[in-house]
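> This is what each chain is made of:
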Amino acid sequence: MARNKRAIPEINAGSMADIAFLLLIFYLVTTTMDTDKGINRKLPPIEDELVQDPPPIKERNIFTVLVNSNDQLLVEDEYLEINELRAKAMEFIDNNGDGSCEYCKGYGVSSSSDNPVKAVISLQNDRGTSYGMYVKVQNELVAAYEDLRERYAEEEYGRSYRGMDPEEDEEIIKEIKNAYQQKISEAEPLNIGG
Amino acid sequence: MAVIKKKKDKALPAVNTSALPDIVFMLLFFFMVATVMREVDLKVSVNKPQATEIQKLERKSLVTYIYAGSPRAKYQDKFGKTPRIQLNDAFASIDDLQPFVVQEREAKAEEDRPMMTMSIKADKTVKMGLISDIKLELRKAQAYKINYSSLQPKDAEALYSADN
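The listed protein sequences correspond, in order, to chains A and B. Heads up: the first sequence begins at 1 in this note's numbering, then just goes up one per residue. Heads up: the second sequence begins at 1 in this note's numbering, then just goes up one per residue.
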């Protein structure tokens with residue numbers, strides 16, 4: 001009886017803060033806050049047999065980008081700086097040579113692409129090209145497509161393409177991606193500049 | 001006057017610290033939720049390139065990392081300075097890549113396998129020869145989804161600068 005009446009002594013919680021601090025410090029040390037980000041790409045599958053007759057692509061529909069072992073760019077037989085590449089690529093994709101693309105704003109130059117669907121960017125680098133330069137070139141080419149899509153979204157929907165929700169606006173995103181299909185083809189690297 | 005005298009005599013009251021554990025716990029929970037354990041001990045130095053068109057890698061469990069770069073200073077007397085590949089915790093050769101990918105794929109749930117992404121974390125000074133070899137091996141191993149790990153540049157100037 002006396003036992004039941006006795007009050008349970010309070011647990012001393014004074015060291016709780018110490019324990020919590022210890023755990024906190026452990027997590028502080030082991031944590032890495034950097035979220036992984038990068039350029040997503042898809043590699044082409046290896047084909048066992050080469051396609052006998054690859055569908056012919058007209059020269060005007062190919063935008064060649066060459067990068068040598070000194071990280072210099074040769075775009076459509078012309079020496080270019082990396083910060084000019086995006087505008088040049090956009091001009092090529094958006095050229096609308098055959099007039100079939102209604103939303104394009106290109107100049108319709110006869111030496112440039114027919115329409116965005118036919119336009120292909122061909123990228124070739126040397127084995128001596130630095131990875132940093134390669135990523136920069138990739139980034140500019142992807143950015144060229146993204147900028148065009150952005151413009152298209154602004155005009156057709158009055159909204160920002162980059163700000164769209166991948167789930168909510170799935171259909172719209174699909175349509176925009178279709179308007180400017182990303183076609184970047186990578187050739188096997190050369191080995192000239194060793 | 002008497003009032004002022006009284007105030008001077010009084011000692012400062014102790015700061016109430018009873019809410020301290022609560023604050024610490026709050027921080028603790030934040031870090032526990034936000035934390036990702038450091039998985040590997042990097043043996044190669046990786047100074048990532050910068051890019052603007054980057055996407056966040058969702059679902060870390062589907063991502064497999066391939067590191068490439070020069071060995072760090074403490075490994076240099078043994079492995080030299082030539083850029084190498086690191087898989088998990090060890091240096092690897094290009095021939096190890098294919099079995100590694102297969103093994104990683106086997107370890108994942110069947111429905112997740114097609115979504116497996118290979119993240120290439122390479123130093124920006126690495127030559128494309130090595131990266132191309134990696135890419136060829138990945139194609140052979142049928143791992144087509146890749147990601148070039150990059151950092152967001154501070155401004156456009158940093159993006160185009162020569163040392164990037």
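Hint data in this document are derived by calculation from the structure and do not stem from the laboratory. It is possible that part of the hints are untrue.
[Unchecked claim] Distance condition first, Cα-Cα at most 30 Å in a straight line; then the derived DSSO-like pairs of lysine-lysine: (1) Lys145(B) with Lys177(A); (2) Lys140(B) with Lys88(A); (3) Lys37(A) with Lys56(B); (4) Lys174(A) with Lys145(B); (5) Lys121(B) with Lys56(B); (6) Lys42(A) with Lys121(B); (7) Lys121(B) with Lys183(A); (8) Lys177(A) with Lys56(B); (9) Lys140(B) with Lys183(A).
[Unchecked claim] Footprint (simulated), chain B over chain A, 3 or more residues, beta carbon under 8 Å: (10) 8-18; (11) 21-31; (12) 36-47; (13) 97-111; (14) 139-145; (15) 178-191.
Model, not experiment: these values are computed from the prediction. The beta carbon of each residue, even a glycine, is placed where N, CA and C say it ideally should be.
> Quick check: which numbered hints come out false for this structure?
The structure conflicts with hints 2, 13, although it agrees with all the remaining ones.
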